[in-house]
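Novice: Based on the sequences and whatever the hints tell you, model everything.
Residue-level listing of the chains:
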Amino acid sequence: MAATDHRTGDRDDVRDLLAAHALDAVDDVERARVERLLREDPEAAAESAGYAEAASRMAVAVAATPPPRLRASVLAEVSRTQQVAPAPPTRREAAADRRGGRGAVRLLAAACGVLLAGCVGLGAVVLGQDDGSPSLVAAGGFADGTAALLEVDGDYVVLGQGVAAPPAGRVYQLWSLGDDGVPVPEGFLEPEDGGFVGQLDDWRDGAVLAITEEPAGGSEQPTSDILATVAT
Amino acid sequence: MGEVSFLRPERRRARPGAEVADERPEDPVGDLLRRVARGDERAFEGLYDAVAGPVHGVVLRVLRDPAQSEEVTQEVMVEVWKQAPRYDAARGSARGWVLTIAHRRAVDRVRSAQASTDREGKVAARDADRAFDVVTEEVEHRLEAEQVRRSLDVLTDLQRESVELAYYGGYTHRQVAEILGIPLGTVKTRLRDGLIRLRDEMGVVA
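Residue numbers (my numbering), protein chains in the order written: chain A, 1 to 232; chain B, 233 to 438.
Careful, some of the hints might be misleading.
What the hints assert, rightly or not - Just so you have them, the derived chain A footprint on chain B, three or more residues with Cβ under 8 Å:
{"id": "1", "region": "267-280"}
{"id": "2", "region": "304-313"}
{"id": "3", "region": "320-333"}
{"id": "4", "region": "379-389"}
No lab work stands behind these hints, which were simulated from the structure alone.
Heads up, the beta-carbon is just placed ideally off N, CA and C, and yes, glycines get one too.
Specialist: Here is the structure:
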């Protein structure tokens, strides 16, 4: 490894440890280095999340019911144990707030971030009521992660998690396809730490939402294959 | 990146206050954890029932001592309750989050025990084969566990050996290399390729 490339090399070394880290097969020093990388590098964080899910399946494979008395003992301890305070808003939520320009989007991001966890693997969960809480229109795999479209009082919000960032110099662009089939640009999805949230303003009900990958700055017409579509 | 379409779900309306667990969605754990994060003790009972099997299973597998394992399982479940408000869905599934806590706690325990005894001798003494005998007691999630065990078959024998020593054995990648007498780089590659296979086998939405 070239000495001039020390920093990149170091990063690559740490990156090589992502799988071992997901298996807790690293020492404390390595763990600290990996966790720093995960905070700084969304791509590494997304890769790591996939490994962690895979590793957790190995726990399921050896599931063993604990003795019944343990349940009572845990519940008793829980009832006298204080929970920690929620984490302060993440950078992602703050960024969504700036982009969306509406506090509601930030709140939705928080609510839907949780909601989405329930959506993963389901494709169909509806938490929606008629009184302004979000209802899921559709959810599915997108760019190595999951994306979902939610409706809140006639407004649509698109969000995702675990989504791979587009290649350098490219962006995910949203389009609406009306009855005439002409794509109308509807803004961009900007995954941060694999998550994104965006509000679709003045959405034409019944239009089809499509996502493509475009050069940075976006295009007037889609120039790539459609990566995902969802009917509203 | 291939063409991927959103799945269009059947539109179902949840009833106000409906017990989500009763509707048997595929993954009720995230919803339960969301309620636990708000201090809902009843939801915690549901969460306990949903994850205690894998949690205890992995703790038992790593520690191999029933009494210690009960203690650690209890610690893990109480930790899950305490930390629930900090769970960030963007970082992974709820069950994955819980099982990460469980495995980490078990490994920390086994390593501190190792550190307090003869560490070097211990590594050699713990037979590699021990990682392979399956401890399965009363398994509530037996069907799923069986499916998952079958999905482990996507691993090559060499990948499986390293992955199981690391995950079930609680060994570091250095120790795995030492036990198997192979270079560190080879272990890293086997761990990574093994997890990639498992991940791909599970599909994007787990």
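Novice: Confirm or reject each hint.
Specialist: Against the structure, the hints:
Chain A is given as covering the region 267-280 of chain B, and this holds because 6 residues of the stretch bring a CB closer than 8 Å to a CB of that chain, at least three being needed. Counting residues of the region 304-313 of chain B whose CB falls under 8 Å from any CB of chain A gives 5; the rule of at least 3 is met. With a threshold of 8 Å between beta carbons, the proposed coverage of the region 320-333 of chain B by chain A holds, since 11 of its residues qualify and at least three are required. Residue count for the region 379-389 of chain B with a Cβ under 8 Å from a Cβ of chain A: 4. That meets the three needed, and the coverage hint holds.
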